[in-house]
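A.B. asks: Using the sequences plus the hints, can you model the full thing?
Residue numbers (numbering that gives the first Met the number 0), protein chains in the order written: chain X, 0 to 392; chain Y, 0 to 392.
Please keep in mind that the hints were generated in silico from the structure rather than gathered at the bench.
Worth double-checking, as some hints may not be accurate.
All copies of an identical chain are treated as equivalent in the list; a pair is satisfied when it fits inside any one copy or across any two copies.
SDA-like mimics (lysine to any residue), calculated; alpha carbons at most 25 angstroms apart, straight line [claimed, not checked]:
no.: 1; residue 1: Lys52; residue 2: Ala36
no.: 2; residue 1: Lys293; residue 2: Leu85
no.: 3; residue 1: Lys52; residue 2: Gln248
no.: 4; residue 1: Lys247; residue 2: Thr45
no.: 5; residue 1: Lys237; residue 2: Gly303
no.: 6; residue 1: Lys247; residue 2: His354
no.: 7; residue 1: Lys237; residue 2: Leu4
no.: 8; residue 1: Lys52; residue 2: Ile42
no.: 9; residue 1: Lys247; residue 2: Asp257
no.: 10; residue 1: Lys52; residue 2: Glu40
no.: 11; residue 1: Lys52; residue 2: Gly32
no.: 12; residue 1: Lys52; residue 2: Leu35
no.: 13; residue 1: Lys52; residue 2: Asp146
no.: 14; residue 1: Lys293; residue 2: Arg328
no.: 15; residue 1: Lys52; residue 2: Gly68
no.: 16; residue 1: Lys52; residue 2: Pro249
no.: 17; residue 1: Lys293; residue 2: Asn217
Number of protein chains: 2
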Amino acid sequence: MNAPLPLAAQIVAVLRDVTGPGSVPLHAPRFSGNELAYVQECIDTTFVSSVGKFVDRFEADLAAFTGAGHAIAVVNGTAALHAAMLLAGVQPGDEVIVPALTFVATANAVAHCGAVPHFADSSEATLGLDPVALGAHLAEIAEIRDDVCVNRTTGRVIRALVPMHAFGHPIDIAATVELARTWHLVLVEDAAESLGSTVGGRHTGTFGRMGTLSFNGNKTITTGGGGAILTNDPELAKRAKHLTTTAKQPHRWEFRHDYVAYNYRLPNLNAALGCAQLEQLPTFLAEKRRLFEKYRAGFEGMTGVRLFAEPAGCRSNYWLQTLILDDDRAGERDTILAATNDAGLMTRPAWTLMHRLPAFETCPRMALPVAQSLERRIINIPSSAILGSSGAA
Amino acid sequence: MNAPLPLAAQIVAVLRDVTGPGSVPLHAPRFSGNELAYVQECIDTTFVSSVGKFVDRFEADLAAFTGAGHAIAVVNGTAALHAAMLLAGVQPGDEVIVPALTFVATANAVAHCGAVPHFADSSEATLGLDPVALGAHLAEIAEIRDDVCVNRTTGRVIRALVPMHAFGHPIDIAATVELARTWHLVLVEDAAESLGSTVGGRHTGTFGRMGTLSFNGNKTITTGGGGAILTNDPELAKRAKHLTTTAKQPHRWEFRHDYVAYNYRLPNLNAALGCAQLEQLPTFLAEKRRLFEKYRAGFEGMTGVRLFAEPAGCRSNYWLQTLILDDDRAGERDTILAATNDAGLMTRPAWTLMHRLPAFETCPRMALPVAQSLERRIINIPSSAILGSSGAA
Ligand SMILES: Cc1ncc(COP(=O)(O)O)c(C=O)c1O
Ligand SMILES: Cc1ncc(COP(=O)(O)O)c(C=O)c1O
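C.D. replies: Here you go:
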């Protein structure tokens, strides 16, 4: 009997089998609906900018799709996070708990508030924040004083908790909500990657005080660049709109602004694209699920690696399909990344953990054994919805 | 002989004569070129987001048009100002001199750096910063210590000077450059409104260390939302690109970021619109100049009001045509605003002066007699390029 193929070659073979020939991006957008028609309507009516019906419609459609009471469209997911944290009351000098395993925007938005990220470990079961481990950490370092959570070690207020649904896979949200309540932390879900992902039928991003979305070009749906804040509180929704539109007082001609605010408006042109994309989201989600099934069949029985499947009780949007190497195969990660990318199959590892970036090296953190292990073992593989469409290879 | 018509009625008559019938906006964009073709190309190729040829082309075209060494496209003019000030070295607790008579973004961007705006007076001749009056003020309150300008009253470093070319009319830039040099202030021109405006043939926004542009829907050309940073320094241009694109290190698959940075990217979709708009800018500028001539003929001889004309040696883009009431007619401003808007002719006053907004009430400022006078006397009138096209009324 011949020696089995090296793991990298086995993975290349499965990916190629599922994706078909050619150069395969990690995640390509698809514009097969009303994109051009809606964008043309913006151009024909000259409503391309901050005012226009597509912004209102996109917000209404997002609220309807996610079940959030309100959606406020903004210029991108980073702006959504920044505004949400300000609205959560994050002050300069506060701490905000974010996962170490996240895209840099989550931690940057904390820094943009003048606050300090405090890094939390991940769960092997969800790839997102581990509420049990975080609870144990808080019990050790924090206490409630005058109704706020204080980090006894640093003396700073821990104001908010911002978990992230990594690659679209929902975290253990029930325990996280409970943890936030116990420790008086404002819960803001970074749902940038999880549009279409639910827990017990309820959409991610709607469990906390606010949730944030991203419509960057690499996300499940795109507006070119864009984002949104979700909230169930109508008063907060109004404040979010005001904060992200320069806090201008409504007046026929006068320019008066209530406080230092932001120009985080999503242009109508981009919202038009978003409306067209949102119409196709159910199709994209079905295709991404089908792609997951194809990969599952392909990776079934392969030793050394597993395909990540949505946690029980959750529905993942499968934004990025995720391979997890066995611990003893972590050393092969870069070989696999090189082999796949060399073969025209775009793959990538998890983000460098936040506490290893120079900007965040000295920030407070709990022990991060799971995040550190996952960082060495995660590989995201080609995940475009089109790969799961009935016509695809 | 009949009594002359009230000033408001005279102004309505001239505006109506120039604009023709119907509801007339203050400034409408026009998409009569390759807008749809370029946007369609984005959709067809799926390059709508942060990567794409239109971003590169828009930057190159902007540099070519303005004569700036480099242009860095960003998500809007506010982001351009914020990034430029950070690159100018503005630190939390610094002061930055900005005109009291400006759109709130100029002052907000200072606050976004954690710095404090210091408000300067305007010139009746340019409507922008008065370098002579500011020089006298600095001589009184500031001194150079260890190569930096210190406000003796507040003890804070005055790091930068951010004049603004109001309504597109260039300021006295030569004296302002000299003043910045004398007082060791980094000069950043807020050229949000002055694309196409020049002084001695050189484009506004290219005299300082950096200049910033806006392509909001109400500007001379629009990208829906967008902005740019201009600079002649290639090293600074590189830093501007890095700072506005999350400071990600180039790598085939790794995610490492050099410092806390921003997602201020202009999507390719918006840049596509910008490329098409820029092709038509010479036409728009010619039309806006023709509109100025029409208004000039209309307002010639009217007592109580004058039409603002570009300062000597300058070419204004005439972004917003500007009426200036005589001092003794300032009390009629709101009557005129009401009469014109009631007649479907959109007009507006100058912005509320920055030091009268609650956020900036306690900020340092010099005496502001001219800005205060102009605030009571300025009325911007319908200014769309189309109104000056040969086919227009
Ligand atoms: C987890 C996470 N948070 C925030 C963001 C920021 O979104 P954007 O790129 O739209 O600013 C992203 C996506 O880029 C993300 O993946
Ligand atoms: C003087 C001035 N500065 C800055 C800006 C900000 O630009 P933006 O609206 O694109 O953020 C504007 C335009 O809105 C402006 O008029």
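A.B. asks: Each of the hints needs a verdict: does it hold here or not?
C.D. replies: Quick rundown of the hints versus the structure:
1. Lys52 with Ala36: both (14 angstroms within a copy, 22 angstroms between copies)
2. Lys293 with Leu85: Classified as neither: same-chain Cα gap 42 angstroms, cross-chain 48 angstroms, threshold 25 angstroms.
3. Lys52 with Gln248: For lysine 52 and glutamine 248, the Cα distance is within 25 angstroms only inside one copy (20 angstroms; across copies 39 angstroms).
4. Lys247 with Thr45: Within one copy, since 23 angstroms is at most 25 angstroms while 35 angstroms is not.
5. Lys237 with Gly303: Result: close neither inside a copy nor across copies, 51 angstroms intra and 43 angstroms inter.
6. Lys247 with His354: This pair counts as between: shortest inter-copy Cα distance 16 angstroms, intra-copy 38 angstroms.
7. Lys237 with Leu4: neither (58 angstroms within a copy, 45 angstroms between copies)
8. Lys52 with Ile42: Both: 13 angstroms inside a copy, 21 angstroms across copies.
9. Lys247 with Asp257: within (6 angstroms within a copy, 35 angstroms between copies)
10. Lys52 with Glu40: both (10 angstroms within a copy, 24 angstroms between copies)
11. Lys52 with Gly32: Both: 18 angstroms inside a copy, 23 angstroms across copies.
12. Lys52 with Leu35: Close inside one copy (16 angstroms) and across copies (19 angstroms); limit 25 angstroms.
13. Lys52 with Asp146: Intra 43 angstroms, inter 52 angstroms, cutoff 25 angstroms: neither.
14. Lys293 with Arg328: Result: close within a single copy only, 23 angstroms intra versus 76 angstroms inter.
15. Lys52 with Gly68: Result: close within a single copy only, 19 angstroms intra versus 38 angstroms inter.
16. Lys52 with Pro249: Answer is within; shortest intra-copy Cα gap is 18 angstroms, inter-copy 39 angstroms.
17. Lys293 with Asn217: within (21 angstroms within a copy, 49 angstroms between copies)
Of the numbered hints stated above, those contradicted by the structure are hints 2, 5, 7 and 13, listed in ascending order.
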